[in-house]
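Asker: Going line by line, the protein sequences match chains H and Z. Using our numbering, the letters of the first sequence map in sequence onto residues 1 to 239. Using our numbering, the letters of the second sequence map in sequence onto residues 1 to 450.
Hints listed in this document are in silico derivations from the structure and should not be mistaken for laboratory results. Just so you know, even glycine gets a beta-carbon here, dropped at the ideal spot from N, CA and C. Possibly wrong hints are sitting among the right ones.
[Claimed, not checked] Straight-line Cα separation of at most 20 Å, EDC-like style, residue types lysine to aspartate or glutamate; simulated pairs:
#, chain 1, residue 1, chain 2, residue 2
1, Z, Lys-87, Z, Glu-69
2, Z, Lys-87, Z, Asp-122
3, Z, Lys-343, H, Glu-61
4, Z, Lys-443, Z, Glu-380
5, H, Lys-26, Z, Asp-316
6, H, Lys-211, Z, Asp-316
7, H, Lys-211, Z, Glu-328
8, Z, Lys-270, H, Glu-110
9, Z, Lys-87, Z, Glu-144
10, Z, Lys-443, Z, Asp-392
11, Z, Lys-443, Z, Asp-384
12, Z, Lys-343, H, Asp-12
13, Z, Lys-343, Z, Asp-431
14, H, Lys-26, Z, Asp-264
15, Z, Lys-270, Z, Glu-328
16, Z, Lys-270, Z, Glu-260
17, H, Lys-26, Z, Asp-265
18, H, Lys-26, Z, Glu-260
19, Z, Lys-343, Z, Asp-316
20, Z, Lys-87, Z, Glu-70
21, Z, Lys-443, Z, Glu-398
22, Z, Lys-443, Z, Asp-431
[To be verified] To list a few chain H residues with every Cβ distance to chain Z over 10 Å, as calculated:
#, residue
23, Asn-46
24, His-48
25, Glu-61
26, Leu-64
27, Arg-68
28, Phe-106
29, Asn-107
30, Thr-162
31, Leu-180
32, Leu-186
33, Arg-226
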Amino acid sequence: MDQPPHIMVVDDDREIRDLLARFLEKHRIRVTAVRDSREARRAWANGHYQLVVLDLMLPGEPGLDFARWLRSQSDVPIVMLTAMGEETDRIIGLELGADDYVPKPFNPRELLARIRAVLRRVGDSIGPRHENGSRPLRFAGWTLEPARRRLLNPDGVEVALTGGEYDLLVALVERANRVLTRDMLLDLLRGRQAGPFDRAIDVAISRLRRKLEDDGRNAQLIKTVRGGGYVLAATVEHA
Amino acid sequence: MILRLWPRSLAARTAFVLLVGLILVQVAGLAIHAMDRIDVQRLGQARTLALRVVGLYRTVVLTTPEQREEVLAELHRGPGLTAELSKDPPVTDLPPMPLPVQRLFRVSMNFVGVPGPQRWRDLQFLGGPDMGRVVIGLRLPDGEWLNVTAALEPVRPWHSPTFLAAFLLMTVVAAGLTLWAVRRLTAPVRTLAAAAEALGRDVNAPPLPEDGPLEVAIAAAAFNTMAARIRRFVQDRTDLLTAIGHDLRTPITRLKLRAEFIEDDEQRGKVLADLEELEAMVSATLVFGRDARTGEAVSALDMAELLRTLLDEAGDARPEAAPNLAYEGPPHWTVRARPLALKRALTNLIANAVMYGGGARVRLVPPVSVGAAGAMLTIEIEDDGPGIPPGDLERVFEPFHRGEPSRNRETGGVGLGLPIARNIMRAHGGDVVLANRPTGGAKATVTLPA
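Taking the hints into account, I'd like the entire structure generated from these sequences.
Answerer: Written out as structure tokens, the structure reads:
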């Protein structure tokens, strides 16, 4: 990435807009900041953006409507800023095809990490992404629901996951049958957990295996790849 | 003794009063009936006897004095009746007959026509129905006395068995109807009590149906109005809190961004830590405000796995506490609940245990009888901390209550963790209670309908 990515920030608070722009620019991300959906449409027409950070609470046209419009125009990744705990907004947003969300008040570093993760994911992926954006994923009887960030066992019972475990599982499921190196997984967990990341990945993987009832000694679902990496050995289908 | 007989429930009391009244009325009715029967029977006896006595008299008076003894002996007198001729009025140990009874006899005797010259010149009545024997003396015109002694059969007020059976049946039916009506009429009071209890646990409990008898409907409407006002009051307060919380989010976001431009690493870290704390308070307030009207859907989740995940998260956040975190119970246990709310409640309880006790032992106890109505799942969260002063065991569930101030300053928190947990569990039909363990440390017991 020689060229810094260009992103659009839509937020109605001028100070937040300016500060966020300065903060992101400090971390080598070009920012165009706008205050509402109208300005955002104009900016969208006049520029090329790799990602949109969208506050859902906007004056005038609601953020969700703008997200819907944007989705009809392009596959550009969307990171939503949601009011804390507004579950319905979040779920609708993710179902519309937003790529991630950060609850407000957000931690700037966490937002930065999410933006980078989404940009990297988009860069990695081959082929269309949004067709199946947040539809449930099925593998080996298990169901992963991105919109609700939850895992259902074959009986439809929710099995709790920590945030890190969820991100890890999504990464594995989205790239089923492809080896994920430790470095890629490290990026996912960064900012989520304290302590040594290396160990955190091993711990998270072993917990995931336990939850997926995958025998750690003779893992069939999440296989360890010699030389440092993991692979989900299963057929994934979109429900 | 009286107190012990006096029942406690309204239905039983009302039924008791009504049944005692019913019994009294029935006893009185029975007594009136019996007395009436006695009167009727006595009148009948008196009339029969009087007619027979006058009959004897007529025969005797129309016979010549010489033949009288003979005729009298031959006359059919009937059982229990003796008659003799004497020069004297009757002499017995019996007292004179009371005048009202005498009148019965006199009236009946006057029915029978006896020609004037032959009428008796004097009458004497002795004894009476109470003594079972009556002696009537009649003086003939020539001065002789005809003394008749008659045994009176005792009167039988309970003569008819069908009457008694019918009476008993009527009493039983009336008592049954009374009990049924009382139960029916006091049912709304029980409903009202249950509604008040439900309102105490959950301010959003469904309103009472405003039907039934007028007074009950009025009471239900009044209760619903009261509940609505309480709800409104609680709502206003939570709305206020929520509004403040919402408004604080923008400045907190700005401050977090500004903090990123502080050059001094140490200062920046401290500012960010303060902001984290502030944010935690705001989010707790918002959660507390929202839980009152949670709209999350109920779904199936694995409680055992949830508890282990929460312990893992607690261990990740506080690695030094990780060795003191333990789960005990079945490896899987499915419950139906609101997953996010449940997670929040249990997170708060585990966080408390870790904060004050440096660890948490979580035990999942499945209900004794699975599937039975009212079966409860129990989750015990124990720590080895200092415990809670006994006087505070309930007060810690009050919003914004904080234990010892010095302890809380360093550990942070707004005093909403436990109230939030309790709100959530009660909204699920369960509860949270705190207790001190005999061996030291605190124990939170969570119940949830299985």
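Asker: Decide, hint by hint, whether the structure agrees.
Answerer: Against the structure, the hints:
1. Lys-87(Z) - Glu-69(Z): 13 Å, holds
2. Lys-87(Z) - Asp-122(Z): 13 Å, holds
3. Lys-343(Z) - Glu-61(H): This hinted pair is violated, its Cα atoms lying about 34 Å apart.
4. Lys-443(Z) - Glu-380(Z): 7 Å, holds
5. Lys-26(H) - Asp-316(Z): With a Cα-Cα distance of about 30 Å, the restraint between Lys-26(H) and Asp-316(Z) is violated, given a limit of 20 Å.
6. Lys-211(H) - Asp-316(Z): Between Lys-211(H) and Asp-316(Z) the Cα gap is close to 17 Å, so the pair holds against 20 Å.
7. Lys-211(H) - Glu-328(Z): 16 Å, holds
8. Lys-270(Z) - Glu-110(H): 17 Å, holds
9. Lys-87(Z) - Glu-144(Z): Distance ~5 Å between Lys-87(Z) and Glu-144(Z) Cα, so the pair holds.
10. Lys-443(Z) - Asp-392(Z): 14 Å, holds
11. Lys-443(Z) - Asp-384(Z): Between Lys-443(Z) and Asp-384(Z) the Cα gap is close to 9 Å, so the pair holds against 20 Å.
12. Lys-343(Z) - Asp-12(H): Not satisfied, since the Cα-Cα distance of roughly 33 Å exceeds 20 Å.
13. Lys-343(Z) - Asp-431(Z): 15 Å, holds
14. Lys-26(H) - Asp-264(Z): Given pair Lys-26(H), Asp-264(Z) holds - Cα atoms ~16 Å apart, limit 20 Å.
15. Lys-270(Z) - Glu-328(Z): 38 Å, violated
16. Lys-270(Z) - Glu-260(Z): 11 Å, holds
17. Lys-26(H) - Asp-265(Z): 16 Å, holds
18. Lys-26(H) - Glu-260(Z): Within the cut-off at roughly 10 Å; holds.
19. Lys-343(Z) - Asp-316(Z): 16 Å, holds
20. Lys-87(Z) - Glu-70(Z): 16 Å, holds
21. Lys-443(Z) - Glu-398(Z): Since the Cα atoms of Lys-443(Z) and Glu-398(Z) sit roughly 18 Å apart, the hinted pair holds (cutoff 20 Å).
22. Lys-443(Z) - Asp-431(Z): Distance ~14 Å between Lys-443(Z) and Asp-431(Z) Cα, so the pair holds.
23. Asn-46: Non-interface label on Asn-46(H) holds, nearest chain Z Cβ at 26 Å vs cutoff 10 Å.
24. His-48: 26 Å, holds
25. Glu-61: The claim holds: Glu-61(H) sits with its nearest Cβ about 20 Å from chain Z, beyond 10 Å.
26. Leu-64: Given a closest Cβ separation of 17 Å, the condition holds.
27. Arg-68: 22 Å, holds
28. Phe-106: With a cut-off of 10 Å, Phe-106(H) comes too close to chain Z, as the shortest Cβ separation is near 6 Å.
29. Asn-107: 6 Å, violated
30. Thr-162: 5 Å, violated
31. Leu-180: The assertion about Leu-180(H) holds, with a minimum of 21 Å to chain Z.
32. Leu-186: 15 Å, holds
33. Arg-226: It holds; Arg-226(H) is separated from chain Z by about 27 Å at its closest Cβ, greater than 10 Å.
Violated hints for the displayed structure, listed by number in ascending order: 3, 5, 12, 15, 28, 29, 30.
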